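From just these sequences and the hints, can you work out the full model?
Sequential numbering of the sequence shown, starting at 3, is according to this note's numbering.
Wrong hints could be hidden among the right ones.
Claimed, not checked - The calculated SDA-like cross-link candidates involving lysine to any residue, where the alpha carbons are at most 25 Å apart (straight line), are:
1) K166 / P70
2) K185 / E156
3) K111 / T168
4) K182 / T168
5) K38 / A23
6) K118 / R174
7) K126 / F116
8) K126 / E156
9) K118 / N193
10) K118 / E74
11) K118 / N187
12) K118 / S104
13) K118 / G31
14) K166 / P148
15) K38 / K166
16) K180 / G31
17) K118 / A195
18) K166 / A71
19) K126 / E137
20) K38 / K126
21) K118 / L167
22) K38 / L178
23) K6 / A23
24) K111 / G124
25) K126 / A143
Just so you know, these hints were derived from the structure itself, not from any lab. All of these numbers come straight from a predicted model, not from anything done at the bench.
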Amino acid sequence: IVKKANGGATVAGTMFAANTAGIKVFATGGIGGVHKESAFDISTDLRSLAEIPVIVVCAGAKAILDLPATLEYLETMGAPVVGYQTDEFPAFYSRESGLGVSARLDSPKEIAEFAKAHWDLGMKSGVLVANPIPETDAIPAAEMQPFIAQASAEALERGIHGQKLTPFLLGRINELTKGKSLKANLALLLNNARLAAQIASELTGKKKGWAV
Numbered sequence: 003i004v005k006k007a008n009g010g011a012t013v014a015g016t017m018f019a020a021n022t023a024g025i026k027v028f029a030t031g032g033i034g035g036v037h038k039e040s041a042f043d044i045s046t047d048l049r050s051l052a053e054i055p056v057i058v059v060c061a062g063a064k065a066i067l068d069l070p071a072t073l074e075y076l077e078t079m080g081a082p083v084v085g086y087q088t089d090e091f092p093a094f095y096s097r098e099s100g101l102g103v104s105a106r107l108d109s110p111k112e113i114a115e116f117a118k119a120h121w122d123l124g125m126k127s128g129v130l131v132a133n134p135i136p137e138t139d140a141i142p143a144a145e146m147q148p149f150i151a152q153a154s155a156e157a158l159e160r161g162i163h164g165q166k167l168t169p170f171l172l173g174r175i176n177e178l179t180k181g182k183s184l185k186a187n188l189a190l191l192l193n194n195a196r197l198a199a200q201i202a203s204e205l206t207g208k209k210k211g212w213a214v
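As C-alpha cells, then:
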C-alpha cells in the first residue's frame, strides 16, 4: 500500500479485507496449511480462519500440504470445516482424502444457516466450506502423488522454502502434469465461485446490512 505496488493476496489477506468491508463470503482455490517438510511452516490462512468471521469456500487445502496436520490445526483453533455434499475433506485436485470434516451440509441455505448460528452463538472464527472439484475435472490422488513427491524433492534439493515454496511446487506440478493440474485448478475455482455466490444469495436474507 505504501509503495502503491501490485501484489497477490493470500486467503488470510482476503479474509481481512472482506471482513473490513463487511463481506461475509468469498471463494478461493485452496487454502494454505501445514507444509509436509516442516511443522513450523504454517500458513497464516489457518490463523485467520480461527480469528476472522468470514465464510471461505475452497476445494480443500492445496494438495502439496500435510492435510491431516492442517485439519488438526483448524480443529485445535476452533475453526469448523464444513463439507459441501461430502463427508470427506477434498484434496484440491482430488475429491477424496480419507479425512473427515466437522459437519456435512448439502445446500447453500444450510451453509448460510450454519454460519449464522455459529456467529449468533458468539463464535469469532471463520467457516471453511470444502467443496470438492467436479468429478469430470478431478485427478485421482494416486495419479497426483508421484508428481507432488517429485516436485517436493526438487524443492528440497534446491533449498526452496518459505514464501517461495508454494509457487514453485504448483508451477513444477503443472509442468510435470503437462498442464492437467492447471486445468483442474481453473475448474475448481469456477466451481467454488458458483457455490460462494449461492451462499451469498442466501446470506442476504439472513441479516440486513451484510455485503456479499
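Hints versus structure:
Between K166 and P70 the CA atoms are separated by roughly 23 Å; this keeps the pair inside 25 Å, and the hint holds. A threshold of 25 Å between alpha carbons decides the hint, and for K185 with E156 the separation of about 23 Å falls inside it, so the pair holds. In summary, the hint linking K111 to T168 is not supported, as the alpha carbons are separated by about 34 Å, beyond the 25 Å threshold. About 18 Å separates the Cα atoms of K182 and T168, which keeps this hinted pair within 25 Å; it holds.
About 34 Å separates the Cα atoms of K38 and A23, which puts this hinted pair outside 25 Å; it is violated. Proposed proximity of K118 and R174 is contradicted: the alpha carbons are some 40 Å apart, above 25 Å. For the proposed pair K126 and F116, the alpha carbon gap of about 14 Å is at most 25 Å, so the pair holds. Between K126 and E156, the direct Cα distance comes to roughly 40 Å. Violation of the 25 Å bound is thereby established for this hinted pair.
With a C-alpha separation of about 23 Å, the suggested pair K118 and N193 falls inside the 25 Å cut-off, and the hint holds. Using a Cα cut-off of 25 Å, the hinted pair K118 and E74 holds, with the two alpha carbons roughly 24 Å apart. Note on K118 and N187: the hinted pairing is violated, with a Cα-Cα distance of about 30 Å set against a maximum of 25 Å. Straight-line distance between C-alpha atoms of K118 and S104 comes to about 16 Å, which keeps the hinted pair within the 25 Å bound.
As the CA atoms of K118 and G31 are separated by approximately 24 Å, the hinted pair is consistent with the 25 Å bound. Of the pairs offered as hints, the one joining K166 and P148 holds, with about 21 Å between alpha carbons and a cut-off of 25 Å not exceeded. The hinted pair formed by K38 and K166 meets the criterion: a straight-line CA distance of about 15 Å does not exceed 25 Å. Restraint check: the Cα-Cα separation between K180 and G31 comes to about 20 Å, which is no more than 25 Å; the hinted pair holds.
Taking the CA atoms of K118 and A195, the gap is near 20 Å; set against the 25 Å cutoff, the hint holds. At roughly 21 Å between alpha-carbon atoms, K166 and A71 fall within 25 Å of each other, so this suggested pair holds. Proposed proximity of K126 and E137 is contradicted: the alpha carbons are some 34 Å apart, above 25 Å. With a C-alpha separation of about 28 Å, the suggested pair K38 and K126 falls outside the 25 Å cut-off, and the hint is violated.
For the proposed pair K118 and L167, the alpha carbon gap of about 36 Å is over 25 Å, so the pair is violated. For the given pair, K38 sits about 20 Å from L178 by alpha-carbon distance, which is consistent with the 25 Å threshold. Proposed proximity of K6 and A23 is supported: the alpha carbons are some 20 Å apart, at most 25 Å. Proximity of K111 to G124 is assessed by CA-CA distance (about 20 Å); at most 25 Å being required, the pair is judged to hold.
Taken as a hint, the K126 and A143 pair is broken in the structure, with Cα atoms around 34 Å apart against an allowance of 25 Å.
In summary, the structure is inconsistent with hints 3, 5, 6, 8, 11, 19, 20, 21, 25 from the numbered list given earlier, while agreeing with the others.
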